[in-house]
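Given these sequences and hints, build the entire structure.
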Amino acid sequence: MMDWLEYRKELMGRIGEVGKLSPDTVAGYQTLSKAGQKTGHLDAKTRELIALAVAVTTRCDGCITVHTGEALKHGATHEEIAEALGVAIALNAGAALVYSARVMDAVSAHEAGSKA
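The opening position of the sequence shown corresponds to residue 1 in the UniProt record's numbering, with each subsequent residue numbered one higher.
Quick caveat, the hints were computed from the structure, so don't treat them as lab data. Among these hints, one or two may not hold up.
[Claimed, not checked] Simulated pairs of lysine-lysine, PhoX-like, Cα-Cα distance not exceeding 20 Å:
1. K73 with K34
2. K73 with K38
3. K45 with K34
4. K20 with K38
5. K45 with K73
6. K9 with K73
[To be verified] Per label pair, the in silico range of CB-to-CB distance:
7. S114 with G16: 50 to 60 Å
8. A95 with K34: 20 to 30 Å
9. E79 with A35: 20 to 30 Å
10. G113 with W4: 23 to 33 Å
11. H78 with A116: 17 to 27 Å
12. A95 with L32: 21 to 31 Å
13. V87 with S108: 45 to 55 Å
14. W4 with G75: 24 to 34 Å
15. R14 with A44: 18 to 28 Å
From the three backbone atoms N, C-alpha and C, an ideal C-beta is built for every residue, glycine too.
So, in C-alpha cells, the structure goes:
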C-alpha cells in the first residue's frame with residue numbers, strides 16, 4: 001500500500017511548482033475549491049465525504065489523500081467514510097450498467113446497418 005502522508009507531502013511540493021509556473025491556474029483551482037464553503041448549505045464534513053466519493057469515481061490518489069485528511073479533521077468517522085465510499089461504488093456500478101445498455105444499443109445499430 002501507499003505511504004499516503006509522504007505522497008501528500010510530495011504532491012503539495014509538486015503543486016507548489018505548478019503554482020510558481022502558472023499561478024493563475026492554481027489560483028483558479030483554489031477559487032473553485034473554496035466556492036462551496038461560502039454558501040454554507042453543506043457543512044465541511046459533508047463536503048469532504050462527497051469529495052472522497054468523487055475522488056474514488058475519478059480515481060484521483062491526490063484527492064484521496066487530501067480529502068481523507070480533511071474529512072478526519074472535520075470529524076468524519078470510519079463508518080461515515082465507508083458509507084460515502086459505498087455511494088461511489090454503487091455509482092460506478094450504475095455507470096457501468098448504463099454504458100452496457102449503450103453497448104447493446106450500438107450492437108443493434110451495427111446489426112441494422114449491416115443488413116441495409
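Within 20 Å, alpha carbon to alpha carbon, are K73 and K38? holds (19 Å)
Is the hinted pair K45 and K73 satisfied, with a Cα-Cα distance of at most 20 Å? Holds: K45 and K73 sit about 8 Å apart, inside 20 Å.
Can the restraint linking K9 and K73 be considered satisfied, given a maximum Cα separation of 20 Å? Distance of about 17 Å is within 20 Å: holds.
Has the hinted range 45 to 55 Å been met by the Cβ atoms of V87 and S108? violated (32 Å)
Can you confirm whether the C-alpha distance between K45 and K34 stays at or below 20 Å? holds (14 Å)
For A95 and L32, compare the CB-CB distance with the range 21 to 31 Å and indicate the outcome. 23 Å Cβ-Cβ, so the 21 to 31 Å window holds.
Within 20 to 30 Å: is that where the Cβ-Cβ distance between A95 and K34 falls? holds (28 Å)
Range first: 17 to 27 Å. Now tell me if the beta carbons of H78 and A116 are that far apart. Because 57 Å falls outside the window, the suggested range is violated.
Could you see if the CB distance from R14 to A44 stays within 18 to 28 Å? holds (25 Å)
G113 versus W4 beta-carbon gap, inside 23 to 33 Å or not: Because 49 Å falls outside the window, the suggested range is violated.
Satisfaction of the hinted span 24 to 34 Å by the C-beta atoms belonging to W4 and G75: Hint violated: Cβ distance 19 Å, outside 24 to 34 Å.
Please test the hint of 50 to 60 Å on the beta carbon pair from S114 and G16. holds (55 Å)
In this structure, the earlier hints numbered 4, 10, 11, 13 and 14 are contradicted, and the remaining ones agree with it.
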